[in-house]
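Take a look at the letters that make up each chain.
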Amino acid sequence: MAQILFYAMAVVALGSAVAMVTRKSPVASLLYMVTTLASLAVIFVLFEAHFLAAIQVIVYAGAIMVLFLFVIMLLNLGHDYRKDLKGGLAAVLSLGVSGALAGLLVSHFRASAPEPFAGRIRDSGILESLIAEKGAVGAMARPLYVDYVVAFEVTGILLLVAVVGALALAKRRV
Amino acid sequence: MQELSQTAFLVAATLKVLAVFAGVMGVVALLTLLERRIAAFIQDRLGPNRVGPFGILQPVADGLKNFLKEETMPATAAQPYFLLGPLLSLVPALVTFAVIPFASPLPTPWGVVDMIVADVPIGILYILALSSLAVYGVVMGGWASNNKYSFLGGLRASAQMVSYEVALGLSVVVVLIVAGNVTLTEMVWRQQQMGLWFAFPLSLAFILFVISAFAETNRLPFDMPEAESELVGGFHTEYSGMKYAMYPMAEYAHMLTSSALMATLFFGGWDIPFWRGDDAFRHEGIWIQGFDGEGSPVPAVLAWWKTILTFGSFAVKTSFFILLYMWVRWTVPRFRYDQIMQLGWKVLLPTALAYVMVVAVTVLSLDTVGVPYGFVWGAILTMVSALCTAVFLWVVDRGRILSGAAYGLRERYRIQARTLGREAVTPFGVGGSGTTA
Amino acid sequence: MPPKVKVVRRPEPERTSYLRATLKGMALTFRHLVNPNKVTIQYPEERPVLSPRWRGTHRMEVHADGRPKCVACGLCPTVCPANCIRLVGGEDDQGNRYPVVYEIDEFRCIFCGMCQEVCPVEAIHVGVDYENAEYTRDRFVYDLDRLMEQDHPTALLWDPSDPRSE
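Residue numbers (my numbering), protein chains in the order written: chain A, 51 to 224; chain P, 676 to 1112; chain E, -14 to 151.
These aren't lab readings, by the way, just hints derived from the structure by calculation. Fair warning: this is a prediction, and the values are worked out from it, not measured in the lab. Just so you know, even glycine gets a beta-carbon here, dropped at the ideal spot from N, CA and C. Fair warning: there could be bad hints in the mix.
Under the rule of at most 27 angstroms between Cα atoms (straight-line distance), these lysine-lysine pairs were calculated in the DSS-like manner [what the hints assert, rightly or not]:
id, chain 1, residue 1, chain 2, residue 2
1, A, 221, P, 1021
2, P, 823, P, 744
3, P, 823, A, 74
4, P, 1021, E, 9
What follows is a set of in silico ranges between Cβ atoms, one per label pair, in the way DEER data are often shown [unchecked claim]:
id, chain 1, residue 1, chain 2, residue 2, range
5, P, 755, E, 12, 34 to 40 angstroms
6, E, 64, P, 719, 40 to 46 angstroms
7, A, 64, P, 1008, 21 to 27 angstroms
Some, not all, of what chain E presents toward chain P, calculated at C-beta under 7 angstroms [to be verified]:
id, residue
8, 11
9, 14
10, 23
11, 25
12, 26
13, 28
14, 49
15, 73
16, 135
17, 137
18, 141
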């Protein structure tokens, strides 16, 4: 049952991703991207990563994509798409680069053994006990806020810098 | 009390899904009638009372009318998005009810069935995720109609919903700090353990949640997206027939879910107050009622009549909040769009953040001092929260946020008077400008 | 000459409490909610109380022997602002005038009551009646027989205590 659902969702995710990059209308692209994200969330649930699935939908599909939608609608983009399509040389180059990257990814995953860190976590049963004690979210909170809190705070400061930078760029000269 | 077998679980789950879905749809239909009746009663008239006894069959008549109406499709509308809008609005609204526990667990001969359609580990995050998705329906409806007024309505709706999701999430975070887990069953359990409903120790979070929920569901006073008197119908102007009917159905379903959430998060859900007999929680596989003096679990006594009583308690609390929604709708006028945005970002967000910090500090100090989780713990938190609520209401309630053009009027008159060299004649009285030329 | 200035004192926005105002409003709506006196009239069990001067569809008065009181003088079609009365007069063998054709098109009528005011023999009246729905449009042209058959009360255009009435 889970297998069938996984394959179905994988097909939906891949299909909508392909549809997203081939649409003419940007709103259609956006909606196909939301479909991709939603099917990815279902795949996360199949892997029992419920929290990640919820966060994916809340943050990515629910907030970031809505802001994209705002921009597209307000600026009425997507009517002169023909200017964005480059010629044949650009198509060949881009296909070549993406094919090389894909090949690199596949060979890397095929060659290396499963990550030792993840294997240690999985085998020692820490995850099960953490989840039983604190719930799925609590188990995720411990490494984030206790073990790697410095990295977390630095990421927050980075986001703050990005927000301030965006404000500075967008501020009108009064 | 044994666990359910695989087939028994599937059967129970199917029955629960059918019952909850039918229940939600039925309640949504009745809510349309209730809204009209309450609106009428507040306006000193009777509502629809002809169709059945007390107008009960009015929703049937309305549904039939919507099925039989001509479905318009504007020629210049973007067709697939036009059809997609109501779907994207209705489906998340209906599915959100799946994680809300509505009664105490029911003992059956095949095992104990807990009265929640899907007890997922993420609990309330599921609801937040689906309310984020509901924005798409409104925006799509507005944009696809190819109509200036609809587009404005849709845009305003999405901006408003996104802004208030932040405040909503933060007020929920406060509840999560105290409850310790995201699942709603755990929240009900912790309220039962504390002996206090979370509305008292977390009163400011309750107020913020209520305001944000009003804005999320696009109900007056945050009615700008529909704005019946300004934007014709707002984002659903061009819709008719069943496509239109899905939008109010989605709105009432959202209202129902928000009311159920308010009841669960802040008022104990299906808990009956002052009675320990209905407490129940699955703790390490067995159903317990609480912990006795030494900390060992006391097993729960589950019964079918307790299930019915607790469902009644849940229904009463949810109905109270639905009535609150309707009562406020017919009392206050609509906010302006800039007032809504100011309120969401400049008032609710900083308040929620500050409150999260205050509550976190209080909880940490209480736990460090060693106060056990119980009534005393809750009482101390209640006092801290009462202080915060009083400060919030005193500071924010002054006219600065909502006065609009009247803000700073006295100052402007004074400046004008000083410029013209005479006394300022203001609606607040004749004021001296200090020095006259 | 400087215009007269009237200063209206209003509460200052910086010191008003919107919560208090909202709660007062909610108390008001709650009082209306539980108020048992509603203004709705439950038609058709209850009927609205109409004034005796209410002008509705017409009625032709008859003599005791069933002849219409109308003498086909032609005043009402002349005075009617909407031209809704069609009158063809004739004489019977005794020399009395009577209406051969008398039709009122209720669709055109504006229910002003001037036909009743001007009638010298108090034959045509406007009546206190509003329940005259029909299934087809041509049923709204009332001919003489129909006008004589109506039995609803007629409008009281003159106050009986007014000495100039009658």
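Do the hints match the structure? See the list:
The straight-line distance between the Cα atoms of residue 221 of chain A and residue 1021 of chain P is roughly 18 angstroms, inside the 27 angstroms bound, and the hint therefore holds. With a CA separation close to 25 angstroms, the supplied pair residue 823 of chain P and residue 744 of chain P stays within the 27 angstroms bound. The suggested pairing of residue 823 of chain P with residue 74 of chain A holds, with an alpha-carbon distance near 23 angstroms, which does not exceed 27 angstroms. In summary, the hint linking residue 1021 of chain P to residue 9 of chain E is supported, as the alpha carbons are separated by about 26 angstroms, within the 27 angstroms threshold.
At roughly 49 angstroms, the beta carbons of residue 755 of chain P and residue 12 of chain E sit outside the given window of 34 to 40 angstroms. Taking 40 to 46 angstroms as the suggested C-beta distance range, the pair residue 64 of chain E and residue 719 of chain P conforms, at roughly 42 angstroms. Judged by the Cβ atoms, the range 21 to 27 angstroms given for residue 64 of chain A and residue 1008 of chain P is violated: they are separated by roughly 50 angstroms. Hint status for residue 11 of chain E relative to chain P: holds, with the closest Cβ pair at about 5 angstroms, below 7 angstroms.
For residue 14 of chain E, the interface hint holds, the least distance from its beta-carbon to any beta-carbon of chain P being 5 angstroms, beneath 7 angstroms. At its closest, the beta carbon of residue 23 of chain E sits 5 angstroms from a beta carbon of chain P; the interface hint therefore holds under the 7 angstroms criterion. The interface hint given for residue 25 of chain E is met, as the beta carbon of that residue sits about 4 angstroms from the closest beta carbon of chain P, less than 7 angstroms. At its closest, the beta carbon of residue 26 of chain E sits 10 angstroms from a beta carbon of chain P; the interface hint therefore is violated under the 7 angstroms criterion.
Hint on residue 28 of chain E is violated. Least Cβ distance to chain P is approximately 10 angstroms, over the 7 angstroms limit. Violation of the interface hint for residue 49 of chain E is found here, the shortest Cβ-Cβ separation to chain P being roughly 44 angstroms, above the 7 angstroms cut-off. Interface restraint check for residue 73 of chain E: the shortest CB-CB distance to chain P comes to about 46 angstroms, outside 7 angstroms, so the restraint is violated. Evaluation of the residue 135 of chain E hint against chain P yields a violated restraint, the C-beta minimum of about 29 angstroms exceeding 7 angstroms.
Because the smallest distance between the Cβ of residue 137 of chain E and any Cβ of chain P comes to about 26 angstroms, over 7 angstroms, the interface hint for this residue is violated. Taken as an interface hint, residue 141 of chain E does not check out: its beta carbon lies about 30 angstroms from the nearest beta carbon of chain P, beyond 7 angstroms.
Taken one by one, the earlier hints fail for this structure at numbers 5, 7, 12, 13, 14, 15, 16, 17 and 18, listed in ascending order.
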